[in-house]
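**Q** Read off the chains here:
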Amino acid sequence: AQSVTQLDSQVPVFEEAPVELRCNYSSSVSVYLFWYVQYPNQGLQLLLKYLSGSTLVESINGFEAEFNKSQTSFHLRKPSVHISDTAEYFCAVSRSHSGGYNKLIFGAGTRLAVHP
Amino acid sequence: DVKVTQSSRYLVKRTGEKVFLECVQDMDHENMFWYRQDPGLGLRLIYFSYDVKMKEKGDIPEGYSVSREKKERFSLILESASTNQTSMYLCASSFRDSYGYTFGSGTRLTVV
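Residue numbers (my numbering), protein chains in the order written: chain C, 1 to 116; chain Z, 117 to 228.
Some hints could be false.
Mimicking DMTMM-like on lysine to aspartate or glutamate, the simulated pairs with C-alpha atoms at most 20 Å apart in a straight line are [claimed, not checked]:
hint, chain 1, residue 1, chain 2, residue 2
1, Z, 169, Z, 138
2, Z, 173, Z, 146
3, C, 103, Z, 154
4, C, 103, Z, 195
5, C, 49, Z, 213
6, Z, 186, Z, 172
7, Z, 173, Z, 213
8, Z, 186, Z, 138
9, C, 103, Z, 175
10, Z, 171, Z, 185
11, Z, 129, Z, 175
12, Z, 186, Z, 154
13, Z, 187, Z, 154
14, C, 103, Z, 144
15, Z, 173, Z, 185
16, C, 49, C, 85
17, Z, 169, Z, 133
18, C, 49, C, 20
19, C, 103, Z, 178
20, Z, 187, Z, 144
21, C, 103, Z, 146
22, Z, 134, Z, 167
23, Z, 119, Z, 167
24, C, 103, Z, 133
25, C, 103, Z, 188
26, Z, 187, Z, 146
27, C, 69, Z, 195
Derived by calculation from the structure, the hints in this document are not laboratory data.
Turn these sequences into a full structure, and let the hints guide you.
**A** This is the structure we're talking about:
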């Protein structure tokens, strides 16, 4: 069975500092990996995804994540955070099914709090 | 602007009531999902549907049922609400074979 572990439930950081949110997964088959972000009182939005190809993927707002198959990790990083990055971040893993649907399995979430 | 709409943002129900949570999407997506979100547990899949009238159990289906009579609408039903079903419920949809989920804003249900 697949599972996702987010190693930190909360990450406090000062504005303009770098941040890393850690994610490890377990699966015996090829997987696809995602990071979703949830701003206060909103639903989840896709931040970035790894399906194939380059192991380093980037989002439009400066986040990046690297797929590391040997360490079964997909950590999320940003070199300089802003107050507006305060949100909860969810790592997710998916495997395709023959029925044409792809179920996402989510981690417990990491709450990023950016302080001035 | 395409979206997934959940009918209620906040809901308070009594123990034993039958509760309906509604979700509508306007993107012609084949797949629809219901998750519940609890602190420290992340999102857990309750049920999903990959076509009209088709449904599959997720990881925590006990105490819930679903209905999908039309492609755009996916309803989650709590047959007899209990306090341990107090949670945030999130609906999502996607195209067949797509990995891109679109989420609704959620319904925060409190069972008293």
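**Q** Indicate, hint by hint, whether the structure satisfies it.
**A** Hints versus structure:
Of the pairs offered as hints, the one joining residue 169 (chain Z) and residue 138 (chain Z) holds, with about 15 Å between alpha carbons and a cut-off of 20 Å not exceeded. The hinted pair formed by residue 173 (chain Z) and residue 146 (chain Z) meets the criterion: a straight-line CA distance of about 16 Å does not exceed 20 Å. Among the hinted pairs, residue 103 (chain C) with residue 154 (chain Z) is consistent with the structure: their alpha-carbon atoms are about 19 Å apart, no more than 20 Å. Pair hint residue 103 (chain C) plus residue 195 (chain Z) does not hold up; C-alpha atoms about 25 Å apart against a cutoff of 20 Å.
A C-alpha spacing of about 15 Å is found between residue 49 (chain C) and residue 213 (chain Z), which places the hinted pair at or below 20 Å, so the restraint holds. Restraint check: the Cα-Cα separation between residue 186 (chain Z) and residue 172 (chain Z) comes to about 16 Å, which is no more than 20 Å; the hinted pair holds. Of the pairs offered as hints, the one joining residue 173 (chain Z) and residue 213 (chain Z) holds, with about 18 Å between alpha carbons and a cut-off of 20 Å not exceeded. For a cut-off of 20 Å, the pair hint linking residue 186 (chain Z) to residue 138 (chain Z) stands: about 12 Å separates their Cα positions.
This hinted pair checks out: residue 103 (chain C) and residue 175 (chain Z) have alpha carbons roughly 11 Å apart, not beyond 20 Å. A threshold of 20 Å between alpha carbons decides the hint, and for residue 171 (chain Z) with residue 185 (chain Z) the separation of about 11 Å falls inside it, so the pair holds. As the CA atoms of residue 129 (chain Z) and residue 175 (chain Z) are separated by approximately 24 Å, the hinted pair breaks the 20 Å bound. The straight-line distance between the Cα atoms of residue 186 (chain Z) and residue 154 (chain Z) is roughly 29 Å, outside the 20 Å bound, and the hint therefore fails.
About 28 Å separates the Cα atoms of residue 187 (chain Z) and residue 154 (chain Z), which puts this hinted pair outside 20 Å; it is violated. At roughly 18 Å between alpha-carbon atoms, residue 103 (chain C) and residue 144 (chain Z) fall within 20 Å of each other, so this suggested pair holds. In summary, the hint linking residue 173 (chain Z) to residue 185 (chain Z) is supported, as the alpha carbons are separated by about 17 Å, within the 20 Å threshold. In summary, the hint linking residue 49 (chain C) to residue 85 (chain C) is supported, as the alpha carbons are separated by about 18 Å, within the 20 Å threshold.
Of the pairs offered as hints, the one joining residue 169 (chain Z) and residue 133 (chain Z) is violated, with about 25 Å between alpha carbons and a cut-off of 20 Å exceeded. With a C-alpha separation of about 16 Å, the suggested pairing of residue 49 (chain C) with residue 20 (chain C) holds against the 20 Å cut-off. Distance restraint check for residue 103 (chain C) and residue 178 (chain Z): the Cα-Cα separation of roughly 18 Å lies within the 20 Å cut-off, and the hinted pair is therefore satisfied. Straight-line distance between C-alpha atoms of residue 187 (chain Z) and residue 144 (chain Z) comes to about 7 Å, which keeps the hinted pair within the 20 Å bound.
For the proposed pair residue 103 (chain C) and residue 146 (chain Z), the alpha carbon gap of about 13 Å is at most 20 Å, so the pair holds. Restraint check for residue 134 (chain Z) and residue 167 (chain Z): not satisfied, since their Cα atoms lie roughly 25 Å apart, outside the 20 Å limit. The hinted pair formed by residue 119 (chain Z) and residue 167 (chain Z) meets the criterion: a straight-line CA distance of about 19 Å does not exceed 20 Å. Between residue 103 (chain C) and residue 133 (chain Z) the alpha-carbon distance is near 30 Å, which puts this suggested pair outside the 20 Å criterion.
Using a Cα cut-off of 20 Å, the hinted pair residue 103 (chain C) and residue 188 (chain Z) holds, with the two alpha carbons roughly 19 Å apart. A hinted pair counts as satisfied when its Cα atoms are at most 20 Å apart, and residue 187 (chain Z) with residue 146 (chain Z) qualifies at roughly 7 Å. Annotation: proposed proximity of residue 69 (chain C) to residue 195 (chain Z) is violated, straight-line Cα distance about 43 Å (limit 20 Å).
Hints 4, 11, 12, 13, 17, 22, 24, 27, counting from the list given before, are not met by this structure.
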